[in-house]
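Chemist: For the protein sequence lines, the chains are A and B, in the order given. Numbering of the first sequence is given in the working numbering, commencing with residue 1330 and proceeding in unit increments. Numbering of the second sequence is given in the working numbering, commencing with residue 960 and proceeding in unit increments.
Misleading hints may appear alongside valid ones.
[Stated by the list, open to error] Derived CB-CB ranges, DEER-like:
#1 B:Val1069 x A:Ser2089: 49 to 57 angstroms
#2 B:Pro1086 x A:Lys2076: 38 to 46 angstroms
#3 A:Lys1860 x B:Glu962: 31 to 39 angstroms
#4 A:Asp1990 x B:Thr961: 21 to 29 angstroms
#5 B:Lys1074 x A:Ala2180: 30 to 38 angstroms
#6 A:Asp1792 x B:Leu963: 35 to 43 angstroms
#7 B:Glu962 x A:Arg2008: 19 to 27 angstroms
#8 B:Asn1096 x A:Asn1824: 41 to 49 angstroms
#9 A:Arg1856 x B:Glu962: 39 to 47 angstroms
#10 A:Arg2008 x B:Ser995: 27 to 35 angstroms
If you are wondering where the hints come from, they were derived from the structure by calculation, not from laboratory data. Ideal Cβ positions, reconstructed from N, Cα and C, are used throughout, including at glycine.
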Amino acid sequence: MEKSTIDILWIIIASTLVFIMQAGFAMVESGLTRSKNSINVAIKNLTDLGISTLCFWACGFAMMFGASAYGFIGSDNFLFHPVSIWGAVFFLFQVMFCSTSATIVSGAVAERMKYSSYIISTALLSVIIYPIFGHWAWGGFMEGVPSGFLGKLGFIDFAGSTVVHSVGGWVSLAVLLIIGPRSGKFAEDGTSRQINGSNIPITVLGVMILWFGWFGFNGGSTLAMNETVPSIILNTTLAASAGMIGSLMVGWPILKKPDILLVLNGSLAGLVAITASCFAVTEIESVIIGFVGGAVMLAATVILEKLKIDDAVGAIPVHLVAGIWGTIAVAVFGDPAILNTGLGFIGQLKIQLIGIASCGIWSFGVAFSVLFIVNKISPLRVSKEDEHTGLNKTEHGVTTEIFELFSVLEAQSRTGDLSLRAPEEPFTEIGQIAKMYNSVMRKLESGTVEKGEYLNILDNVSDGLILIDRSGTISQYHSASMKNLFSTELISGKNFKDLLSSRIPENVLAILDEFLEIAFDKKKSFRIVEKMNPIPEIELSFDNLNGGFNVKYFQFIFKRIVKNSEVSRLMIVIRDITRQRELSQEVEENRKRTSVEMELFYRILHVEPASMRDFLTSAETDLSEINSVMSESQTEYYERLNEIFRRIHAVKGDADMLGLDFIAEKAQIMETNVAEALRSESPSNEIFLSLALKLGEIRELLFKIDSLMKKWKTMHAEISDDNRSFLPRALSDLAARLCERHKKSVKVEFDSGNTEEIPSAVFKHVKDILVQLVRNSVYHGIENPEERKKLNKDSSGKIAIKTHKENGKLIIKYKDDGSGLDSDKIKQTALAKKLITEDDSSALTEKDIFALVFRPDFSTSDSVNKTAGRGVGMNLVKTLITGLKGKIALRSKRGESLEFEIHIPIEAK
Amino acid sequence: MTELEIKGFIKVLTDYFLSVTGSPANMGVPFIKENSTEVFDYVAVIGISGSRKGGVYFTANRPLLEEIARHILGETGLDDATLYDLIGEMTNTISGNMRELFGSTFLISVPIILKGNIDEVVLRLKPPVYVIPIEWNGHKSHLAIGLE
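This is chain A alone, in the form it adopts within the complex:
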């Protein structure tokens, strides 16, 4: 085919215009992707130009435009060498088309496909997919005679709506189905997330370049500079505009905004749609085709989102879908005369659809099959980490300023390392942002490091450290130890007093309330306020929720925090001094115990250990008996009191005998209380409360003495428990003390010589009996020295006690040389106490009268004192002997003596 120079020139210009479209694609795709991937996308655009050019030169051109083999594939002109000027020009124009088709893919698969994978897909498209389909549609075009099977059938695709754009779109779809969407594009619920482009202005410029380049793309497809070229370029620009408007008119109401993609991709869709029919339609038809192209692009975009197919730049809606529409539009709007296929509308539409289907089956089929296998061998997609980092860095090792800035920010958010700084590229916006950011970071770092140091201190200090405001609320920062001190996680925001309430008594809490109010009063000198601290050292009781408390001792130190001359906060230092306090308490308790023990020791020092041991045993027996009587609910009220009376009297007597006044006095108080209760005519159990308390006191005292004795015993192992030889001396000592108290003089002669003969089983009772008899003799029987002198008696009285065993009995003979019993006085006392009547008194024998002294409450004493007066002693003697199943006989010689003879069965107890 011969061409004029002007035709050749036009096609060269058209080729350069199509070449410029590569720049447009690079701008559109890199601008619509994130900056971390923008370089990768741009470099892929340049790469596919180079790859596709070489591939198309080596074999693509031959397979597309070589001599047709069965209308399916070109078969010559491999490693293309032009034999004419036109041949070279034609190749130049066609290789640009091939590159255009290849570069469409790079945008769709942007931000996730490996660079190496992209080279494979570009080569596949340039070597096989594009040339073979191109042959079907355009084979023989160089010669002006269709040789491909579609061309022969009348398939019209003037500048490549299907041949160039749909092929690129089908391959894009195949790749996208294999590699999947970008990370984060679709949420788990299926909703799509918009991923914003990095440079929309550059995308806009790219679209304008494409639009401009399209004049060559469509205008050059005449392959001649003829009268149709201006009309084609006019239709092209009208369709682009209509595509933009169509997309906007449909999309704006739906999206509620003039989305930038509506404008950008609407224009491109209009351009793609008009490409097939631009030579055979009118201006109005071009507008309609472009308008519909914009609308179908929008619909396809929505459908792809629904199908979760992530096309990064909208390449499939623009190039595939608008391309299909444009190819159909040939049949719908194309002037049959110009189309010159000899087909009617249906025939043309049918062949157009066959062309579209053939393209889809071939392009998608081959691309999907080959790349699916390749993907299995070597994944087409980059790793998740690489995708996150960005393909600029991971694929090419290059970064952008914004990427560097992001990297620093990300590293900081991940590591918390505030010392990281962003690179400050001078004279760039990002550089300025980085500079400002670094400046902010420097200040933040200095503040944060300072705060971090304080927090470090708070984390490690063992004392509790808190700040409270005027309302008592604890501020956000406090020492970590607070949680341990107060056994709670909730410290911040809590009221300080709430930390203490229920752990210290309410009265202290009330004082603390007043103290805090004063502490915040700046008019009050803090030096004085400090001294008012009600809790400098305080015991805190933590409820262990197990029916008890864990007690701790804390020290509280208050300091004012003054800001702008106002007391803004109080700093409270809380120190756990439990250990120190316990140690000092232990020392103090030891000191007190030692002091008490020493005092006790001095009080009991005069008592022979064996006597003391015996006293402790017998007193504990009596006290236990009293407690037992109290706890027996069946016992009658007065009977119970009488029994207590007798027992406590015995304890008193024993204590008295040993000179243990401090015990005797307590027993005396109990005795008095019981006596009062006995006299009272309204029985009340409340009296027993004070008795129980006193009983407890005496038992505690005995317990302490017992402990002391045990220590003593440890020191003096020779102290024997069973040494009963103390009795004669104890009775002598008792008599001596009573004499001293009552100004008398008495000697006790214990004639058994060996008290060991008294069986231990009855020893306590025998001792108690003798104690009471000695008390009785000294107080009642034996006269004072003056009286005795008047009666020609020795000034010193005598008590003779003899014991021996006889016929299984212990015989005790007791005699004093006192005044004996005064039967008249006994009778009078009994009458006064209404123990007998006047009639009884006249009938009583002396023996009967003497028996009265053993009655409870009977005493001839005029007053009550430590020795006598309660009428308990002789009753106790009688009770004890009765308890031992023994007998007592009494013989009194008025003015001379009083004798008792007691028989106690030794086996009785």
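With the hints as your guide, set chain B onto chain A.
Modeler: Coordinates of chain B only, in the frame set by chain A:
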């Protein structure tokens, strides 16, 4: 421990019986707790700290508690869980009243309810422990107080 303090504890308990049931409770003859002194079916232990340290326990048999339940809930034949809840409520009220009476100087713990033979250690009362028998509607119970 003073007589006044013990009387305070007794008053809180007897007042509780009177206010809840309308029938007065009577104090028996107090005595000192021995090792052999046994507790009844249920024991409610209340810890005391502050100016005095030690504890108080109230122990009663199931029939007493069931009768009180009848007064409070109007129900009979209560299961163990409900009875525990009731004793918990009862001892909470009693310890709350103790807090009102002694709160200014004493700290009264949240009570715990125990059943059966109680280990002496669990009671944590400071000897000597004074046991005050309380009789109500023919039922026996003990209030024991052991403060240092």
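Chemist: It remains to establish, for every hint, whether it holds in the given structure.
Modeler: Right, here's what the structure says about each hint:
1. B:Val1069 x A:Ser2089: 49 to 57 angstroms: Once the Cβ atoms are compared, 52 angstroms apart, the range 49 to 57 angstroms for Ser2089 (chain A) and Val1069 (chain B) holds.
2. B:Pro1086 x A:Lys2076: 38 to 46 angstroms: holds (44 angstroms)
3. A:Lys1860 x B:Glu962: 31 to 39 angstroms: holds (38 angstroms)
4. A:Asp1990 x B:Thr961: 21 to 29 angstroms: Roughly 24 angstroms apart at Cβ, these two residues keep to the hinted range, so it holds.
5. B:Lys1074 x A:Ala2180: 30 to 38 angstroms: violated (56 angstroms)
6. A:Asp1792 x B:Leu963: 35 to 43 angstroms: Once the Cβ atoms are compared, 40 angstroms apart, the range 35 to 43 angstroms for Leu963 (chain B) and Asp1792 (chain A) holds.
7. B:Glu962 x A:Arg2008: 19 to 27 angstroms: holds (20 angstroms)
8. B:Asn1096 x A:Asn1824: 41 to 49 angstroms: With a Cβ separation near 45 angstroms, Asn1096 (chain B) and Asn1824 (chain A) satisfy 41 to 49 angstroms, so the hint holds.
9. A:Arg1856 x B:Glu962: 39 to 47 angstroms: holds (45 angstroms)
10. A:Arg2008 x B:Ser995: 27 to 35 angstroms: holds (33 angstroms)
In this structure, only the earlier hint numbered 5 is contradicted, and the remaining ones agree with it.
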